[in-house]
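What follows is each chain in one-letter form.
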Amino acid sequence: MSFSKLTRRGLMKTGAAASAGLTLPTYLRADGHSGFTNAPTGSTVTLGFNVPQSGPYADEGADELRAYELAVEHLNGGGDGGLMNTFSSKALQGNGILGKKVEYVTGDTQTKSDAARASAKSMIEKDGAVMITGGSSSGVAVAVQALCQEAGVIFMAGLTHSNDTTGKDKRANGFRHFFNSYMSGAALAPVLANAYGTDRKAYHLTADYNWGYTTEEAVRSSTEAMGWETVNAVKTPLTQTDFSAYIAPVLQSGADTLVLNHYGGNMVNSLTNAVQFGLRDKQVNGKDFQIVVPLYSRLMAKGAGANVKGIFGSTNWHWSLTDEGSKAFVKSFGTKYGFPPSQAAHTCYVQALLYADAVERAGSFNPCAVVEALEDFEFDGMGNGPTLYRGADHQCFKDVLVVKGKENPESEFDLLEIVEVTPVEQVTYDPDHPQMAGGSLGTCNPGA
Amino acid sequence: MLGLNKKDFGLLIIVAILTMAAPFILNPFPEGSAMAQFNAGYPDLMQRLVIFGIFAIGFNILFGLTGYLSFGHAAFLGVGSYAAIWMMKLLTMNVIPAIVVSIVIAGLFALLVGWISLRRSGIYFSILTLAFAQMSYALAYSVLTPITGGETGLQPKYTDPRILDGALEAGQSPRANLFGLDMRASSELVMGNWVFTFNAGYYIAAIVMLIAFYMSIRIFRSPFGMMLRAVKSNQQRMNYTGLNSKPYTLAAFVISGMYAGLAGGLLVAMDTQVGAERMFWTASGEVVLMTILGGAGTLIGPVLGAGLIKYMENIVSKINKGVLEQWFAFMPDGIEDLLVTMIYPFVGKGWHLTLGIIFMLVVIFLPGGLVEGGQRIGRLFGRKKPSDSSPDGSKTPAE
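Residue numbers (the working numbering), protein chains in the order written: chain A, 1 to 448; chain B, 1001 to 1399.
Quick caveat, the hints were computed from the structure, so don't treat them as lab data.
This one's a predicted model, so the numbers in the text were calculated from it and none came from an experiment.
Ideal Cβ positions, reconstructed from N, Cα and C, are used throughout, including at glycine.
Be aware that a few hints might be false.
Said to hold, decoys possible - Label-pair ranges, simulated between beta-carbon atoms:
| hint | chain 1 | residue 1 | chain 2 | residue 2 | range |
| --- | --- | --- | --- | --- | --- |
| 1 | A | Gly254 | B | Leu1164 | 50 to 56 Å |
| 2 | A | Lys13 | B | Asn1234 | 51 to 57 Å |
| 3 | B | Trp1327 | A | Gln426 | 29 to 35 Å |
| 4 | A | Gly254 | B | Tyr1158 | 43 to 49 Å |
| 5 | A | Asp80 | B | Glu1325 | 20 to 26 Å |
| 6 | A | Gln426 | B | Leu1189 | 55 to 61 Å |
| 7 | B | Met1020 | A | Lys13 | 20 to 26 Å |
| 8 | B | Ile1377 | A | Thr335 | 52 to 58 Å |
| 9 | B | Asp1333 | A | Asp80 | 20 to 26 Å |
| 10 | B | Phe1224 | A | Gln252 | 56 to 62 Å |
| 11 | B | Met1020 | A | Ala16 | 22 to 28 Å |
What the hints assert, rightly or not - If the Cβ cut is set under 7 Å, some of the chain A residues that face chain B in the computed set are:
| hint | residue |
| --- | --- |
| 12 | Thr106 |
| 13 | Asp108 |
| 14 | Lys112 |
| 15 | Ser113 |
| 16 | Asp114 |
| 17 | Ser122 |
| 18 | Glu125 |
| 19 | Lys126 |
| 20 | Gly139 |
| 21 | Ala146 |
| 22 | Gln149 |
To be verified - For the chain A half of the interface with chain B, some residues (derived, Cβ under 7 Å), not all of them:
| hint | residue |
| --- | --- |
| 23 | Lys121 |
| 24 | Ala143 |
| 25 | Glu150 |
| 26 | Asp164 |
| 27 | Asp208 |
| 28 | Asn210 |
Taking the hints into account, I'd like the entire structure generated from these sequences.
Written out as structure tokens, the structure is:
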């Protein structure tokens, strides 16, 4: 290191620069002077859309982002207004939220909790986001929800199906519109009993992580209550791509039904293997062999192709629903992007609107006011029929769709058909149900 | 001073100034301007920059000195993180026990892995470490779910026992602290349109990083470091002269594992959450990239490489189409669309692509990494003739 000699010219330059710096209005502040984190001060408000743009759920993330962009357009008064016209609450005027224009920042969760948290933190710390939403897996949702609780912003969960998100890992600042494993099990069991009888022997293949465990437990307890017997439950590694070794023992076990607690690429591969092994043509115990997939999505059905035909599963929403809300959403999404939305897009769009509406009704962006406005909020016209945001665990309670793979699809989007709409009473549970126990909401945190 | 020669001490001072002034250096653009997108001076990213700097410094002690390419270093980072979070769940939210235990546990795990893997060298060593890391990842992700929380990971909850801390009020989320100083506490300095954030957690991480950097200089300059370099240049000859190199390589492996554990512990101290992905092989690959990008075997290189990669991951990945359109809004429509279509694949979710291109360019044109780039620039503008080029790392930082 060398220090240059002090010259008269140099001294004057430095002096000038220093005095210019000092004339700037300067003050030191600790954060949190405005009562809650990232209180919007200008004429705009920033929302953070944190979705997987790379990794196994990138397709769903892309669809979620489309839905958010559509929601922002509608909130700011653009487009045809979408679900705002059918929504039972009329607080939203199409002039932004509380008169502030909605702006947004996006981030890539990479379907990793670390990356998701880093991305959410940068939205909160750098971009001043007052609400974070998105996510396409439960691990990420739980991680980001806890972060939002600590930082004092609202988290509106995207696609997350594990019981834990509003069960043992629930947080006061987090809300979930999507349904969960328990509801899937409760909705599926009666339909399965009707279709396949009450004396089935089930064999579970379960993805070896939290979502798999809660789904297996939910389906198992619901079907066993119907009289089914669970022969065996085998865990499969998440990274598995060839399931032949797991399918072969199924036939020897004496089971006549295979439950695939798999999601995404896992489900596509395991179902394809099972069909290739000819399981569905077999007769066991005098009955046709059947396969069940507890959580369906259109993108998965697309991946598995013809193999999904006639296979039962559950889903949160489907674009072929004919109520006013669903029709309005499919129309405005279709007009903008040219194809029907997925269930991930639907839940994300609805979450964005529900947040905006809660802020309008509360008259403040303060997370505690928003929490109060959302808790025990009843609404309709969002595509799922009458819905309750339960205050005890911040979970939405609404009808659940039981679907099956369509025998004669008319287009590449027309892969599932609705078998039954299970009414909400049948999928409602106590907040302290054993499958949900062990958590606590705590109190809402508005930040420093 | 401090047992360093003049040049090394100068380097340490420069790094100290850079880290202490980081809130200013990383926030050069005024708030609200179009360039504010490139500001990196917010607490979370600054913390990550120094923490991954520590991780890369530690990795460089193994890879840069002995030439042993470990492809499983993320396992030690992950083990350190899990150890730290368990200390926070069981003992106290104070970060000191968490960090100390994370170093110890990661060191012990490194001892085990190193003892087995170091029986082989070259590609076999890399594969063995990779196998261990993937095994740890798989265990953490599913088999050990009761201990690691599996997919959902672990976070401190107010219901945890925490025997040293008083009971929290129901519903309060526990916060990591250093004797009461909250890691998330920050104050902001507003100068005109500029906002600079000073975060308690960042400065603690930065001081730890300076200590880690100082220790790495001492290791580089010690007789022990010389032995490690001998392993790299010709291990066979070393063995023929009757020296047993195994204790040296094992020691280097364990030290570097402890650095990774320290980084893992600090990550938890700054952001109280652990997920198994932290141990995934891509995370191990990332630290290799950081070291090579910055300059393997140099003192400052790994820190620069870590900084560049984390900056790309957090800043470039957030530039979406809307932001691009805003930038080029002043241009005629056709040209705007063309520019947006041309640039879009390289930003946002395409940041990996940009990083890959930079990595290729660096490896092809600057085999010594960013440090070599800095030296070339320095030579170009330098007044005096370049001093003797020392291959061992006493290089000036790229500034």
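Do the hints match the structure? See the list:
1. A/Gly254 / B/Leu1164: 50 to 56 Å: holds (54 Å)
2. A/Lys13 / B/Asn1234: 51 to 57 Å: For A/Lys13 and B/Asn1234 the Cβ distance comes to about 54 Å; the hint holds.
3. B/Trp1327 / A/Gln426: 29 to 35 Å: With a Cβ separation near 52 Å, B/Trp1327 and A/Gln426 fall outside 29 to 35 Å, so the hint is violated.
4. A/Gly254 / B/Tyr1158: 43 to 49 Å: holds (47 Å)
5. A/Asp80 / B/Glu1325: 20 to 26 Å: Distance hint for A/Asp80, B/Glu1325 holds at roughly 23 Å.
6. A/Gln426 / B/Leu1189: 55 to 61 Å: holds (58 Å)
7. B/Met1020 / A/Lys13: 20 to 26 Å: holds (24 Å)
8. B/Ile1377 / A/Thr335: 52 to 58 Å: Cβ of B/Ile1377 to Cβ of A/Thr335: about 54 Å, so the range 52 to 58 Å holds.
9. B/Asp1333 / A/Asp80: 20 to 26 Å: holds (25 Å)
10. B/Phe1224 / A/Gln252: 56 to 62 Å: holds (60 Å)
11. B/Met1020 / A/Ala16: 22 to 28 Å: Since B/Met1020 and A/Ala16 have Cβ atoms about 25 Å apart, the given range 22 to 28 Å holds.
12. Thr106: holds (5 Å)
13. Asp108: holds (5 Å)
14. Lys112: holds (4 Å)
15. Ser113: Since the shortest Cβ distance to chain B is 4 Å, the answer is holds.
16. Asp114: holds (6 Å)
17. Ser122: Since the shortest Cβ distance to chain B is 6 Å, the answer is holds.
18. Glu125: Given a least distance of 4 Å, the restraint on A/Glu125 holds.
19. Lys126: This hint holds: A/Lys126 lies near chain B, its Cβ roughly 4 Å from the closest one there, short of 7 Å.
20. Gly139: holds (4 Å)
21. Ala146: Interface hint status for A/Ala146: holds (5 Å vs cutoff 7 Å).
22. Gln149: Status holds, d = 6 Å.
23. Lys121: Check passed: Cβ of A/Lys121 comes within 4 Å of chain B, closer than 7 Å.
24. Ala143: holds (6 Å)
25. Glu150: With a minimum Cβ separation of about 5 Å from chain B (threshold 7 Å), the hint on A/Glu150 holds.
26. Asp164: A/Asp164 check passes; min Cβ-Cβ to chain B is 6 Å, inside 7 Å.
27. Asp208: holds (4 Å)
28. Asn210: holds (4 Å)
Going down the numbered hints, you'll see the structure goes against just number 3.
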